[in-house]
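Model the full structure from these sequences, guided by the hints.
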Amino acid sequence: MKQIISFLTLAALFITTGSLAQQDPHFTLYRYNMSIINPAYAGTEGTVDALLGVRSQWSGVQDGPETQTFNLNAPLGNNVGMGISVVNDKVFVLSETHLYADFSYRLQLSETLDLYAGLKAGGTFLNVNLSETRIMNDPLFTGDVSRFNPNVGVGLYLKAEKYYVTLSAPGVLANDRYEKDGADPVAASDDLAAFVGGGYYYNISDRLQLRPSVLGRFVSGAPLSIDLTGSLLLDDTFELGTNYRIDESVAVFTTIGLLDNAINFGYAYEFGTSSIGEYNNGTHELILKFRL
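In the numbering used here, the protein residues as written are 7 to 298.
I should point out that these hints are in silico values taken from the structure, not numbers from a laboratory. Because the structure is a prediction, the values reported are computed rather than measured. A hint or two may mislead.
[As the list claims (entries may be wrong)] Quick list of simulated restraints, FRET-style, between CB atoms:
{"no.": "1", "residue 1": "Pro218", "residue 2": "Ile269", "range": "36 to 46 Å"}
{"no.": "2", "residue 1": "Val86", "residue 2": "Ser280", "range": "40 to 50 Å"}
{"no.": "3", "residue 1": "Asp197", "residue 2": "Asn267", "range": "36 to 46 Å"}
{"no.": "4", "residue 1": "Arg213", "residue 2": "Ser101", "range": "44 to 54 Å"}
{"no.": "5", "residue 1": "Arg217", "residue 2": "Asn133", "range": "33 to 43 Å"}
Beta carbons are placed, not taken as given, at the ideal position from N, Cα and C, and that holds for glycine.
Below is the structure:
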């Protein structure tokens, strides 16, 4: 029985660490949180903006994944942008805080087309609280794990009036997350994750805009993940849309702009289409964005 419990605990640990690849968040509202995955996005909006986000997965499941995000972006002049991003993940016994600084540089290709190149530098504070498993007299679960893993990321962001294209690798260095010496040595590590996507803005009328977008995630050793998103924006203020993550989940979301879009609030509800979706009450995601 002890061996079975140890195996199940390790399996849960590796599943959660594997599903939370470094700087590889699955956000339904990713279009509002783009700087988390692409450093080239810093400063592209031309204003100082700050975003707070919360994502609670597997609602109703104890110790399910919880993610909090904060990012601040600003143009510095001379075609340079800068940002700060913080992502805090907590699931089961694993806790991670990603802290990064973003830098971007704008190349004006034409009057209506800009290419931004970005660099992300920082790292991840990792804690694995093995003592919380309450497994006694097992060398694999004696002592907690705490470390800092530095990393860098790169990205390109092509911005036009009616469309955008994003390409990035927010963490290019492979880092160990967990390793333990003992009778059954084990290890878990992060692999390179790459993101590619784009979106288009189509004006149906003076008041209504259609906004389709796609985002693909490529992680070594993991299945390809693709988000298909479509929404309608009314009066540049109220947005209603849906998201389909192929073979994973379906979501509905809404955003609303206040005070001439100086404040934006967004909410998304996501439910899984895989077998694990039968055992939880879905995922909730909230964002609050300020333009200063």
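Hints and how they fare:
1. Pro218 - Ile269: 36 to 46 Å: With Cβ atoms ~25 Å apart, the hint is violated.
2. Val86 - Ser280: 40 to 50 Å: holds (43 Å)
3. Asp197 - Asn267: 36 to 46 Å: holds (38 Å)
4. Arg213 - Ser101: 44 to 54 Å: holds (45 Å)
5. Arg217 - Asn133: 33 to 43 Å: For Arg217 and Asn133 the Cβ distance comes to about 39 Å; the hint holds.
Of the numbered hints stated above, the single one contradicted by the structure is hint 1.
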